[in-house]
Amino acid sequence: MADEVSVGGRSPESCDGVTLAAQYRGAPAAPAAPALAVRSLDVAYRVRGADQLALRNVSFEIARGETYGLVGESGSGKSTAALAIVRYLPRNGRVSAGSISVGGRDVLGMGQRGLRDLRARHISMVYQEPGRALNPSIRIGGQLTEAIKTSNSPRNEAELTAAAETMLARVRIPDPRRVMDRYPHELSGGMAQRVVIAMALSATPELLILDEPTTALDATVQAEVLDLLAPLRDELGMSVLFISHNLAVISQMCDRVGVLYAGELVEEGPAAELLRAPRHPYTVGLLRCVPRPGQRKDRDRLDAIPGFLPQPGDKAPGCVFAPRCGLAIDECRTAPPPLFEVGSGHVSRCYRHQVAQDLPLTQSPLASPVPMAEAEADADGDAGPVADEGPEGLLVSVEGVSKTFQARGGSVRALRDVSVSLRAGQTLGLVGESGSGKTTLARILLGLTAPDPGGRVTLDGAELAATLAKRPLATLRDVQIVFQNPDSALNRRATVRRLIGRPLAKLAGLSGPALATRLAELVSSVRLAQRHLPLKPGQLSGGLKQRVAIARAFAAGPRVVVCDEPTSALDVSVQAAILNLLGDLQAERRTSYVFISHDLEIVRYLADQIVVLYAGRVLESGPASAVFSAPHHPYTEALLSAMPRLPVAGEAAGDPADTRIQLAGEPPSLSDAISGCIFHTRCPRKLSSGICESTEPGLLEGEPGHLIRCHIPIGELRGLQLSPGGTTPRNSPGAGSA
Amino acid sequence: MTDTTVNPISGPPVGTAAVAPVQAPPARWLLLMRRPTFGIGVVILAFWIVCAIFGGSFAPHSPLAQDLLATNSAPSGAHWFGTDQLGRDVLSRVITGARDILYVAPLATLLGTVLGTALGLVMGYLGGAFDLIASRLVEAVLALPAVIIAFLFIVALGPSTLTLILVIGIIFTPLIARTVRAAVLAERDLDYLPAARLLGEGPAWIMAREILPNVLPAVLVEFTVRLGYAIFTVATLSFLGFGIQPPTPDWGADIYANYAVLPAGYWWDTLFPALAIASLVTAVNLVTDSVEQVANG
Ligand SMILES: Nc1ncnc2c1ncn2[C@@H]1O[C@H](COP(=O)(O)OP(=O)(O)O)[C@@H](O)[C@H]1O
Ligand code: SF4
Ligand code: SF4
Ligand SMILES: [Mg+2]
Numbered sequence: 049m050a051d052e053v054s055v056g057g058r059s060p061e062s063c064d065g066v067t068l069a070a071q072y073r074g075a076p077a078a079p080a081a082p083a084l085a086v087r088s089l090d091v092a093y094r095v096r097g098a099d100q101l102a103l104r105n106v107s108f109e110i111a112r113g114e115t116y117g118l119v120g121e122s123g124s125g126k127s128t129a130a131l132a133i134v135r136y137l138p139r140n141g142r143v144s145a146g147s148i149s150v151g152g153r154d155v156l157g158m159g160q161r162g163l164r165d166l167r168a169r170h171i172s173m174v175y176q177e178p179g180r181a182l183n184p185s186i187r188i189g190g191q192l193t194e195a196i197k198t199s200n201s202p203r204n205e206a207e208l209t210a211a212a213e214t215m216l217a218r219v220r221i222p223d224p225r226r227v228m229d230r231y232p233h234e235l236s237g238g239m240a241q242r243v244v245i246a247m248a249l250s251a252t253p254e255l256l257i258l259d260e261p262t263t264a265l266d267a268t269v270q271a272e273v274l275d276l277l278a279p280l281r282d283e284l285g286m287s288v289l290f291i292s293h294n295l296a297v298i299s300q301m302c303d304r305v306g307v308l309y310a311g312e313l314v315e316e317g318p319a320a321e322l323l324r325a326p327r328h329p330y331t332v333g334l335l336r337c338v339p340r341p342g343q344r345k346d347r348d349r350l351d352a353i354p355g356f357l358p359q360p361g362d363k364a365p366g367c368v369f370a371p372r373c374g375l376a377i378d379e380c381r382t383a384p385p386p387l388f389e390v391g392s393g394h395v396s397r398c399y400r401h402q403v404a405q406d407l408p409l410t411q412s413p414l415a416s417p418v419p420m421a422e423a424e425a426d427a428d429g430d431a432g433p434v435a436d437e438g439p440e441g442l443l444v445s446v447e448g449v450s451k452t453f454q455a456r457g458g459s460v461r462a463l464r465d466v467s468v469s470l471r472a473g474q475t476l477g478l479v480g481e482s483g484s485g486k487t488t489l490a491r492i493l494l495g496l497t498a499p500d501p502g503g504r505v506t507l508d509g510a511e512l513a514a515t516l517a518k519r520p521l522a523t524l525r526d527v528q529i530v531f532q533n534p535d536s537a538l539n540r541r542a543t544v545r546r547l548i549g550r551p552l553a554k555l556a557g558l559s560g561p562a563l564a565t566r567l568a569e570l571v572s573s574v575r576l577a578q579r580h581l582p583l584k585p586g587q588l589s590g591g592l593k594q595r596v597a598i599a600r601a602f603a604a605g606p607r608v609v610v611c612d613e614p615t616s617a618l619d620v621s622v623q624a625a626i627l628n629l630l631g632d633l634q635a636e637r638r639t640s641y642v643f644i645s646h647d648l649e650i651v652r653y654l655a656d657q658i659v660v661l662y663a664g665r666v667l668e669s670g671p672a673s674a675v676f677s678a679p680h681h682p683y684t685e686a687l688l689s690a691m692p693r694l695p696v697a698g699e700a701a702g703d704p705a706d707t708r709i710q711l712a713g714e715p716p717s718l719s720d721a722i723s724g725c726i727f728h729t730r731c732p733r734k735l736s737s738g739i740c741e742s743t744e745p746g747l748l749e750g751e752p753g754h755l756i757r758c759h760i761p762i763g764e765l766r767g768l769q770l771s772p773g774g775t776t777p778r779n780s781p782g783a784g785s786a
Numbered sequence: 040m041t042d043t044t045v046n047p048i049s050g051p052p053v054g055t056a057a058v059a060p061v062q063a064p065p066a067r068w069l070l071l072m073r074r075p076t077f078g079i080g081v082v083i084l085a086f087w088i089v090c091a092i093f094g095g096s097f098a099p100h101s102p103l104a105q106d107l108l109a110t111n112s113a114p115s116g117a118h119w120f121g122t123d124q125l126g127r128d129v130l131s132r133v134i135t136g137a138r139d140i141l142y143v144a145p146l147a148t149l150l151g152t153v154l155g156t157a158l159g160l161v162m163g164y165l166g167g168a169f170d171l172i173a174s175r176l177v178e179a180v181l182a183l184p185a186v187i188i189a190f191l192f193i194v195a196l197g198p199s200t201l202t203l204i205l206v207i208g209i210i211f212t213p214l215i216a217r218t219v220r221a222a223v224l225a226e227r228d229l230d231y232l233p234a235a236r237l238l239g240e241g242p243a244w245i246m247a248r249e250i251l252p253n254v255l256p257a258v259l260v261e262f263t264v265r266l267g268y269a270i271f272t273v274a275t276l277s278f279l280g281f282g283i284q285p286p287t288p289d290w291g292a293d294i295y296a297n298y299a300v301l302p303a304g305y306w307w308d309t310l311f312p313a314l315a316i317a318s319l320v321t322a323v324n325l326v327t328d329s330v331e332q333v334a335n336g
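First to last, the sequence lines map onto chains A and W.
Per this note's numbering, the first sequence starts with residue 49, numbered consecutively.
Per this note's numbering, the second sequence starts with residue 40, numbered consecutively.
Take the hints with a grain of salt, since some may be wrong.
[Stated by the list, open to error] Listed next, with one range per pair, are the computed distances between beta-carbon atoms:
| hint | chain 1 | residue 1 | chain 2 | residue 2 | range |
| --- | --- | --- | --- | --- | --- |
| 1 | W | S318 | A | Q578 | 25 to 31 Å |
| 2 | A | K363 | W | R248 | 42 to 48 Å |
| 3 | A | R187 | W | A247 | 41 to 47 Å |
| 4 | W | A247 | A | K363 | 55 to 61 Å |
| 5 | A | R161 | W | I172 | 56 to 62 Å |
| 6 | A | R545 | W | L69 | 50 to 56 Å |
| 7 | W | M72 | A | F453 | 47 to 53 Å |
| 8 | A | D362 | W | G241 | 44 to 50 Å |
| 9 | W | W306 | A | G97 | 29 to 35 Å |
| 10 | W | M72 | A | Q343 | 36 to 42 Å |
| 11 | W | L314 | A | R139 | 41 to 47 Å |
| 12 | W | G241 | A | F453 | 22 to 28 Å |
| 13 | A | P184 | W | S318 | 31 to 37 Å |
| 14 | W | I88 | A | S144 | 24 to 30 Å |
[Said to hold, decoys possible] Reference listing, derived: stretches of chain W covered by chain A, where coverage requires no fewer than 3 residues with Cβ under 8 Å from a Cβ of chain A:
| hint | stretch |
| --- | --- |
| 15 | 232 to 238 |
| 16 | 241 to 253 |
Since the hints were made in silico from the structure, they are not lab data.
C-beta: ideal position from N, C-alpha, C; glycine also.
Pulled out of the complex, with its shape left as it was, chain A reads as follows (with noise of 0.2 Å):
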């Protein structure tokens, strides 16, 4: 492969020679030119009559069959390097420097015919959101059939449907004669996302570029998404180039990687050596921000990267990290680092390569263990009552809810008998595909939506109303949320004072130099700053605004706060400094969470708790340390078992895929009636007397507070889940059991 990449290097200017004409009635290519060759790119967006780099001297390349992964914060360049190599760029945008060429074709050189070759016909895009590239008002196998008349000569009608079946067969999907008769919006995210990949690869194209293709998926399907990648990219003998900010998603995928940092490409080298001794200080923080196995929040505090991007157009003298970088020396501000060669192609844009990974911590780790989560776990087991809690020392329960929506076309049991507790001072995780019915939950105990009659809610044992507009003032005081998406979250015509004023005054009951005294307080204590007061949501970035969200939740003093997927819309760095801020404001306070996400690393990291939610039913509940160990529910199993991870340093590298869990199918619809257990038309573990289908399996309790609602008695699923073959689905020593 190092010879096709070197020998690659020069071909692109062999071919400049080449006529057009000749190029689009795809002439073939030099056989050694790689898939991919980015040679010294610029690129310049016009903002306000000024050009401002977005990219800065970026090269890179992808040989045949290999898949190059391009990672970084937004805003660091990733699709506007996609972009650039289909042409693309908004109209503002123009590569103004540099050469691209694709399988040896110049792509920049190209005229209009040549472009719609290239698209057509060698190159694929696929965006994060399935919706963007399917036409809303056109069925799927027109789509499909369409897509495959513009890269392959037409052909009648059967022919075409039957290769539209074939590819979407290829992508797994099930019934593809169903699917081609439905509308884009009648499927799923992760079927969608499928069939946008069929509709990529029906031109069978050299390079595949999968912009963040994952991200607004749930973790499963992520998985599923992911699994069915690797074997089509070794069928069709695709090059991919797989952006993403999810650094494990990106070393379960690539063969090598490159990082960006604001434009440039600061480090590059082989997957698997790059993430576990990564050589550059900007790799080196992002990897300390995503929480590792093993990590808590009552022992170890993210690793948040200091400070922003910088503006685009700002031009410093010396490398572009320096501003953020806690091992800079004078060196650093004067002159922009070159390449250096740090291993066997593995490159670093750093000075101080050889120390990057004595990049001091910018968390000091916490002094002392906060001593209230310990307390709190002792308290457990003798069960005496705390002075400011319930009876039985909860803060929150919640008994029995079910919640029915009528939906045109019958009934949606988004909510089944669900009962789930809370103590002060612990976070609550509720884990579950979208759909499952977290938000429901949250809603209810919110007040914002009513549970069917018969449940209850209860704050320090008394009843809550289940209306908001029945609630006293000081039940709003005690239960708030932090929304995923801030912008949808805070009013963009209200400035940052009146967003955290607001709260202050109506449920503190604040007001002059009180408030703002408190506002004072509240602003530095999510740390934000004055001057971010009399800005809109629009003036702030993303994880700023979130901020704001938090202090406006945090305002009154709550007891309890829902986050719900509070940091799923943030990059890594600022997810984790997110992270570290709850974390903190609940050990200052006591706060309690009930914390929603689909990411099982940070709800490890953050949980005391942890309640397994599945189409509408609680399928395990307990601890964070029972939950995460076997023995599991099967569902959790899988669930588990699909979570990317990151390479550990002195670990084998294991392919992933041998190990995982694949779940067959979606979730069961709502609005049916479900017999047996709820999971069973998808349960690898499904006994075989069939008592799984007739009877629905009840809460059974493992260790202490550990329930799980699976037929298969505890001790077994722990003998299974523990054994080294026991991940293979298979029937028989439960169905002698059961």
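Starting from the structure of chain A, add chain W with the ligands where the hints point.
Below, chain W with the ligands without anything else, positioned relative to chain A:
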């Protein structure tokens, strides 16, 4: 279908790199100032406003002074726009005729905008049965020709400028309510509304302080669009004899009073008031277009 919609690498490319902290876009009023059509509209509008307020003091003659010896005299040095059937100076009547239409039309539009915005906010935010019933009513009112509704009211209340304001305001209310309701529906799924409810804010606060500022651009556009219609409606009703009543100088009423003598060749009696109406409506539309484009862009 064009191939861009089915091509897997289609779709509008995303914008430039988003970087923190984001800068504010240039102020909207600045963008307005840069548009030439906006400037032309404003100049014409300003001219008529000056006429409306000060017209009485600089009009060459009294608009009411009759000179029965010089009826229907053609434009001349003494009467630039000629005289009408009663020998009144047409130029003076055109200048002072701006007065009533220029307060009746904006006040009527304002009334319709205030009522329509309030109704639209309530319909959009509360939804449910109220919205259902109100929407049906709105549709029903919109199905009737506006002039018929106006006649009904004017016959019932008697013609006066107050009636005119009320009638036009009420006719505009459902139209504006429909637009505002649509804008509110787009806001209703956003999380800042449950966030406000969780702070204990009541519906009135949420509608007025949370939603209204976000739908204000739509309201502003609606106001300017309706203003053009209001001017036309006032002129039409006056022309039909249901609006501003003679002898008060008014363009619509003057066209009505004089168009009978048009076949006799006395074109100046009707042409100048008609041009006045046209220029005012055009000016308002020039301003409207600019406001709309800036508000939506
Ligand atoms: N207002 C509603 N009307 C009808 N169905 C709803 C409504 N809200 C949620 N649902 C349904 O309830 C189920 C659970 O949704 P949700 O609680 O949002 O899940 P999650 O938060 O896990 O993504 C989904 O099937 C969703 O379609
Ligand atoms: S060159 Fe200097 S400033 Fe840049 S990353 Fe290396 S140590 Fe930090
Ligand atoms: S009860 Fe049966 S179907 Fe349900 S989780 Fe257990 S083994 Fe699987
Ligand atoms: Mg949700």
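query: Looking back at the numbered hints, which does the structure fail to meet, lowest number first?
result: 1, 4, 6, 9, 10, 13 and 14
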